[in-house]
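Chemist: Construct all of the structure, not just a fragment, from the sequences and the given hints.
Protein chains in written order, with the working numbering: chain A, 1 to 306; chain B, 1 to 572; chain C, 1 to 311.
Among the hints, erroneous ones may be present.
[Unchecked claim] Once the Cα atoms are required to be at most 27 angstroms apart in a straight line, the calculated DSSO-like pairs of lysine-lysine come out as: (1) Lys125/C - Lys43/A; (2) Lys125/C - Lys136/A; (3) Lys220/C - Lys125/C; (4) Lys263/B - Lys318/B; (5) Lys205/C - Lys220/C; (6) Lys41/A - Lys125/C; (7) Lys205/C - Lys136/A.
[To be verified] So, partial list: chain A residues that the calculated Cβ filter (under 8 angstroms) puts toward chain B: (8) Pro13; (9) Ile61; (10) Pro64; (11) Asn69; (12) Asn73; (13) Leu75; (14) Leu76; (15) Asn92; (16) Gln252; (17) Leu266; (18) Tyr271; (19) Tyr272.
If you are wondering where the hints come from, they were derived from the structure by calculation, not from laboratory data. Ideal Cβ positions, reconstructed from N, Cα and C, are used throughout, including at glycine.
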Amino acid sequence: MEHRQLKKIDFEPLQLKQSEAEKIVGESTSYWKDAWRRFRKNKLAFLGIVIILLLGIMAIIGGPISGQNYYENRLLEANQPPSAEHWFGTDNLGRDVFARTWYGAQISLFIGLMAALIDLVIGVIWGAVAGFFGGKVDEILMRIADVLYGVPYLLVVILLLVVLPQNLWTLIIAMTITGWINMARIVRGQVIQLRSEEFVMASRSLGASNGRLLVRHLIPNTLGPILVTLTLTIPSAIFTESFLSFLGIGVQAPLASWGTMSSDALPALQYYPNQLFFPAVFICITMLAFNVVGDGMRDALDPNER
Amino acid sequence: MKWKSWSLLLTLLLALGVLLAACSGDEPAESEDDGTEEGNTEEPAESEDTEGTEEDTEASASGDGLAADQTFDINIRTEPPSLHPGLASDTTSGAVLYQIFEGLMRINQDGEVEEAMAESYDVSDDLLTYTFHIREDAVWSNGDPVTAGDFEYAWKWVLNPDNADTDYAYQLYVIKGAQAAKEEGASSDDIGVTAIDEKTLEVILEQPTPYFLDLTAFYTYYPVNQKVVEGATDWALNVTDTYVTNGPFLIESWAHKDQIVLKKNPEYWDADTVKLETINMYMIDDENTSLEMFNSGELDWAGDPTDALPLSAIPSLKADGSLNISPLAGVYYYAFNTEVEPFNNVNIRKAFALAINREGIVQSVTQREEIPAMALVPPSIWEESEEGYFKDNDVETAKEYLATGLEELGLEELPAISLSYNTSEAHAAIAQAVQDMWRQNLGVEVTLNNEEWNVYLDSMSAGNFQTGRMGWLADFNDAINFIELFQSVGGNNYTNWESEEYSNLIEQSRTETDPDARKEILREAEAIFMEDLPIAPIYFYTNAWLSKDFVKDLEVSPLGGVQFKWAYLAEE
Amino acid sequence: MVKYLLKRIGYIILSLFLIVTVTFILMKAAPGGPFASERALTPAIEAQMNEAYGFNDPIHEQYFTYLINAFTFDFGPSFKYVGQEVTEIIGRSFPYSLILGLEAIFIAISFGVLLGVLAAVQHNKFGDYMAMVIAVLGISVPSFIMAAVLQYIFAIYLQVLPIARFESFAHTILPAIALATTPLAFIARLMRSSMIDVLNRDYIKTAKSKGLSERVVTYKHALRNAILPVVSYLGPLVVTILTGSFVIEKIFGIPGLGSEFVVSVTNRDYTVIMGTTVFFSVLLLFSILIVDLLYGLIDPRIKVTSKEGDK
Numbered sequence: 001m002e003h004r005q006l007k008k009i010d011f012e013p014l015q016l017k018q019s020e021a022e023k024i025v026g027e028s029t030s031y032w033k034d035a036w037r038r039f040r041k042n043k044l045a046f047l048g049i050v051i052i053l054l055l056g057i058m059a060i061i062g063g064p065i066s067g068q069n070y071y072e073n074r075l076l077e078a079n080q081p082p083s084a085e086h087w088f089g090t091d092n093l094g095r096d097v098f099a100r101t102w103y104g105a106q107i108s109l110f111i112g113l114m115a116a117l118i119d120l121v122i123g124v125i126w127g128a129v130a131g132f133f134g135g136k137v138d139e140i141l142m143r144i145a146d147v148l149y150g151v152p153y154l155l156v157v158i159l160l161l162v163v164l165p166q167n168l169w170t171l172i173i174a175m176t177i178t179g180w181i182n183m184a185r186i187v188r189g190q191v192i193q194l195r196s197e198e199f200v201m202a203s204r205s206l207g208a209s210n211g212r213l214l215v216r217h218l219i220p221n222t223l224g225p226i227l228v229t230l231t232l233t234i235p236s237a238i239f240t241e242s243f244l245s246f247l248g249i250g251v252q253a254p255l256a257s258w259g260t261m262s263s264d265a266l267p268a269l270q271y272y273p274n275q276l277f278f279p280a281v282f283i284c285i286t287m288l289a290f291n292v293v294g295d296g297m298r299d300a301l302d303p304n305e306r
Numbered sequence: 001m002k003w004k005s006w007s008l009l010l011t012l013l014l015a016l017g018v019l020l021a022a023c024s025g026d027e028p029a030e031s032e033d034d035g036t037e038e039g040n041t042e043e044p045a046e047s048e049d050t051e052g053t054e055e056d057t058e059a060s061a062s063g064d065g066l067a068a069d070q071t072f073d074i075n076i077r078t079e080p081p082s083l084h085p086g087l088a089s090d091t092t093s094g095a096v097l098y099q100i101f102e103g104l105m106r107i108n109q110d111g112e113v114e115e116a117m118a119e120s121y122d123v124s125d126d127l128l129t130y131t132f133h134i135r136e137d138a139v140w141s142n143g144d145p146v147t148a149g150d151f152e153y154a155w156k157w158v159l160n161p162d163n164a165d166t167d168y169a170y171q172l173y174v175i176k177g178a179q180a181a182k183e184e185g186a187s188s189d190d191i192g193v194t195a196i197d198e199k200t201l202e203v204i205l206e207q208p209t210p211y212f213l214d215l216t217a218f219y220t221y222y223p224v225n226q227k228v229v230e231g232a233t234d235w236a237l238n239v240t241d242t243y244v245t246n247g248p249f250l251i252e253s254w255a256h257k258d259q260i261v262l263k264k265n266p267e268y269w270d271a272d273t274v275k276l277e278t279i280n281m282y283m284i285d286d287e288n289t290s291l292e293m294f295n296s297g298e299l300d301w302a303g304d305p306t307d308a309l310p311l312s313a314i315p316s317l318k319a320d321g322s323l324n325i326s327p328l329a330g331v332y333y334y335a336f337n338t339e340v341e342p343f344n345n346v347n348i349r350k351a352f353a354l355a356i357n358r359e360g361i362v363q364s365v366t367q368r369e370e371i372p373a374m375a376l377v378p379p380s381i382w383e384e385s386e387e388g389y390f391k392d393n394d395v396e397t398a399k400e401y402l403a404t405g406l407e408e409l410g411l412e413e414l415p416a417i418s419l420s421y422n423t424s425e426a427h428a429a430i431a432q433a434v435q436d437m438w439r440q441n442l443g444v445e446v447t448l449n450n451e452e453w454n455v456y457l458d459s460m461s462a463g464n465f466q467t468g469r470m471g472w473l474a475d476f477n478d479a480i481n482f483i484e485l486f487q488s489v490g491g492n493n494y495t496n497w498e499s500e501e502y503s504n505l506i507e508q509s510r511t512e513t514d515p516d517a518r519k520e521i522l523r524e525a526e527a528i529f530m531e532d533l534p535i536a537p538i539y540f541y542t543n544a545w546l547s548k549d550f551v552k553d554l555e556v557s558p559l560g561g562v563q564f565k566w567a568y569l570a571e572e
Numbered sequence: 001m002v003k004y005l006l007k008r009i010g011y012i013i014l015s016l017f018l019i020v021t022v023t024f025i026l027m028k029a030a031p032g033g034p035f036a037s038e039r040a041l042t043p044a045i046e047a048q049m050n051e052a053y054g055f056n057d058p059i060h061e062q063y064f065t066y067l068i069n070a071f072t073f074d075f076g077p078s079f080k081y082v083g084q085e086v087t088e089i090i091g092r093s094f095p096y097s098l099i100l101g102l103e104a105i106f107i108a109i110s111f112g113v114l115l116g117v118l119a120a121v122q123h124n125k126f127g128d129y130m131a132m133v134i135a136v137l138g139i140s141v142p143s144f145i146m147a148a149v150l151q152y153i154f155a156i157y158l159q160v161l162p163i164a165r166f167e168s169f170a171h172t173i174l175p176a177i178a179l180a181t182t183p184l185a186f187i188a189r190l191m192r193s194s195m196i197d198v199l200n201r202d203y204i205k206t207a208k209s210k211g212l213s214e215r216v217v218t219y220k221h222a223l224r225n226a227i228l229p230v231v232s233y234l235g236p237l238v239v240t241i242l243t244g245s246f247v248i249e250k251i252f253g254i255p256g257l258g259s260e261f262v263v264s265v266t267n268r269d270y271t272v273i274m275g276t277t278v279f280f281s282v283l284l285l286f287s288i289l290i291v292d293l294l295y296g297l298i299d300p301r302i303k304v305t306s307k308e309g310d311k
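Modeler: Okay, here's the thing in structure tokens:
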């Protein structure tokens with residue numbers, strides 16, 4: 001313990017200017033910094049992010065590093081167990097399961113991302129416009145959404161997929177046809193809440209246009225809930241695609257997704273379990289990763305927890 | 001936070017564990033197969049079914065090698081669309097109708113026609129008039145005698161233009177005046193079928209038809225009980241008092257989309273031959289599920305012709321020797337659209353046909369010991385077809401044809417072509433294999449295009465394809481089934497290929513009464529066809545199925561029919 | 001209340017109208033008719049069939065007959081299953097789906113709530129981890145894989161339950177479990193977080209400090225309040241179970257409405273497609289309405305007029 005001697009000067013008031021006195025010394029924490037700090041503390045969610053990044057990287061480089069391609073049939077090498085040459089084995093046409101798994105990752109992740117993106121664009125615009133303008137506009141837009149919301153999602157998806165030409169985009173469009181409504185509702189709710197806040201009033205009184213208000217202030221401030229919804233849309237789109245694949249109306253060959261790979265391998269479960277095991281496990285891991293990230297984000301961004 | 005990471009890890013481990021458990025366990029399950037038949041009769045789920053009891057009551061067998069309980073369990077996959085013989089037009093309905101109804105003739109175990117409802121028949125010298133004498137002891141399940149009038153009524157009902165959904169009316173078009181009555185408004189009195197008396201039926205044909213007797217065994221030719229059916233439009237919708245049949249089995253119940261139960265018909269004229277007492281027909285759409293039910297003893301039969309085996313199970317089933325295979329009179333082929341470049345050129349068509357390794361497809365993709373097809377008519381009808389008209393996988397010749405064809409078309413190299421097929425695991429696998437062969441052998445880029453079945457048929461009819469997968473199964477045991485298919489554009493000929501010479505030969509064969517001369521004519525037609533190659537035949541179909549060892553005398557016919565009349569379950 | 005109800009029913013009718021119209025347009029736009037078959041029909045016979053089924057009428061007439069049929073719930077006969085009425089098909093297949101669905105809902109709710117409560121009470125202890133492992137598995141494994149694995153383990157490997165079909169209670173166990181897994185996991189998670197939340201509330205602490213036993217507090221006071229989010233999940237639950245039945249009924253060979261819908265779509269059996277679609281929609285829309293009303297009754301804090309976030 002060090003003994004400290006106090007001098008008289010220690011009790012004199014500091015000679016500071018007004019401006020300096022009001023300076024904030026501590027690091028200022030913005031909403032986002034705060035959220036990031038909390039998110040980082042959540043190890044599980046952080047792990048989720050890492051897994052998603054790894055999956056993304058492997059989706060791109062997975063095929064090339066194995067030295068195999070996903071489409072080549074080698075009928076004589078069909079149904080092989082994992083080996084040095086075929087790391088995950090081969091399927092019933094002798095195609096390399098490892099290369100196919102990562103190619104499937106591309107397709108599955110692409111479907112998930114595109115579905116989420118389309119939901120995002122339509123949902124945010126719809127919800128923001130409805131919430132911001134209120135009144136008649138809100139009434140009409142939300143009534144349309146309500147009616148659409150009543151339409152059973154999967155029934156429509158299945159009908160659409162059978163009627164339209166079977167390709168990747170049909171699948172994505174079919175999946176987003178009612179998916180954006182949830183996003184629109186969330187955004188609208190947020191915008192309505194924010195609209196009455198002071199900073200919006202201030203901005204408006206400074207002459208900001210409606211467009212500027214929406215783009216600069218309202219949408220950025222609803223980003224939290226939007227992000228959370230997005231992270232949860234991606235896995236559910238991947239899940240839905242695998243469901244549709246099982247019914248035979250998912251992605252069509254020569255494209256392959258984790259969903260089609262698993263449903264193709266299902267009959268071989270007893271004989272060639274490796275063909276089901278790999279795509280199935282990656283579906284599970286992806287679902288888990290996105291779910292924990294989504295949960296983590298919700299915890300981190302939820303202002304109630306601040 | 002720490003517990004969460006642990007639980008994640010645990011979750012993953014458990015997930016892996018479950019899958020591994022599911023995966024690695026196949027050895028014991030396989031080896032237990034034989035044991036299960038006796039073993040699982042105590043299962044709570046099965047004890048109330050009759051199906052489970054066949055094994056445990058066998059001890060009291062009657063001594064002639066028959067199991068005491070003659071209950072047979074089979075999967076027919078789907079709900080039969082119609083159990084009205086005049087309305088049915090598919091194999092599932094056929095599989096049921098063959099057991100519960102009977103026509104003038106029946107195809108026997110050896111694939112030959114034999115007398116059934118008709119005790120005997122006479123044919124006129126010009127081969128145009130058939131007179132059938134119906135058995136005295138042929139009775140309907142309600143006790144009424146089966147009369148010639150029942151046949152006349154049934155056939156004319158199908159040929160009545162007011163009766164919709166009679167898709168298979170054309171099966172009757174060999175009868176004089178039949179097509180005119182159905183399509184051109186002619187009177188039904190001019191149809192060449194007359195009940196001379198109670199038990200004598202006279203049929204006059206348009207042309208001598210050597211396979212007419214085969215046709216009378218087909219379900220569109222079945223009689224219906226006029227007394228009961230007339231005026232009752234819905235008689236075949238459910239099993240009620242008005243569902244009256246005349247076959248070896250009676251239909252006891254029909255739980256739609258679920259199960260049909262057949263019982264032996266004690267009043268059947270040949271009831272002594274019929275051994276099976278009960279047939280349970282289940283409707284399980286999923287191939288894996290039905291295979292697993294077979295493995296666990298819940299089914300006595302799996303696979304063709306009423307069901308299908310999952311493609312991926314075939315190698316292991318073959319390896320353990322349990323797979324049965326028999327020829328099926330049908331051809332799997334790729335149709336070329338001969339109106340669209342480059343397939344309007346015969347040399348290009350030849351190049352594509354020759355550049356397919358059929359043996360490879362049969363060996364490694366379909367794996368059901370199909371016969372590589374280098375001809376049109378299946379070898380079960382014409383033995384010569386095993387040879388074929390060209391060499392399989394003849395890459396060198398194919399390249400020569402390709403060069404000639406390109407020159408004729410004035411092309412430097414082939415543009416990308418598209419290969420279409422209807423959505424299915426097996427078609428996709430074959431198409432992918434062929435895509436690869438064409439890419440390697442001809443250096444052509446092939447895009448695959450698949451569509452759901454109904455859509456696919458539409459595109460094919462509209463000519464919206466370059467090459468497209470098709471298949472054809474014979475209705476009766478005659479080459480004309482296949483030759484006739486390509487007589488004119490339209491109908492089931494999607495190739496847009498026509499040949500006057502070919503068509504003339506077919507017409508010539510119709511009036512030829514000498515079987516050998518007729519075959520010569522048809523062979524000549526086939527040769528013309530194979531020279532022009534509007535299709536690339538791939539393989540001739542086979543039936544592939546599993547059956548329990550105690551199932552006896554149940555042969556699968558090359559026509560894809562299955563007859564339970566002669567089948568029995570042996571004592572184990 | 002009455003006004004709210006009327007408004008909701010109005011929306012339901014609008015939604016139904018939309019569904020019915022969209023389905024009609026899709027069916028008409030779809031390539032490939034219901035009469036397509038491996039054996040092409042002769043043109044004359046096909047023309048006769050088109051006439052008999054009214055396909056030759058002007059499109060708007062077809063639409064209006066169809067609209068009237070849809071709202072009187074009379075869809076006519078199936079194209080594929082000659083002579084069978086669509087209403088009959090729905091009538092005979094729905095009981096299977098209903099029984100299976102109710103069993104699955106029962107399993108999902110009872111085990112979901114149980115797991116959730118267990119996890120919350122044992123917060124951060126072994127029980128919690130185990131419960132959450134099951135929940136996470138349920139959310140991440142697609143139902144068709146789950147079904148195949150269940151079949152494999154219980155029917156083929158252990159041979160304790162039948163593989164497929166629908167004959168006795170034993171037959172329903174595996175499909176019901178497969179159908180219930182995903183919603184079960186959802187409910188368990190919901191229940192856990194809301195229970196943890198409630199157990200930390202002041203009134204629970206008060207109750208405890210008053211000397212009420214742990215058990216009474218947990219099960220009488222906390223459970224009743226914590227279960228509210230689960231009630232609000234009932235609507236989506238019905239949706240999940242119904243659509244899940246498409247896959248599960250196919251795998252287990254159950255002749256229910258879900259498999260009927262899927263089969264009719266691939267068969268292009270127009271009338272059955274319409275019938276099942278309308279029936280499903282009515283069922284879903286009204287069960288969601290009932291759940292919303294129920295929610296309003298149970299929780300007096302919620303006014304029935306606010307209905308956001310029910311999915």
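Chemist: Which earlier hints can't be squared with this structure?
Modeler: 2, 4, 7, 8, 9, 10, 11
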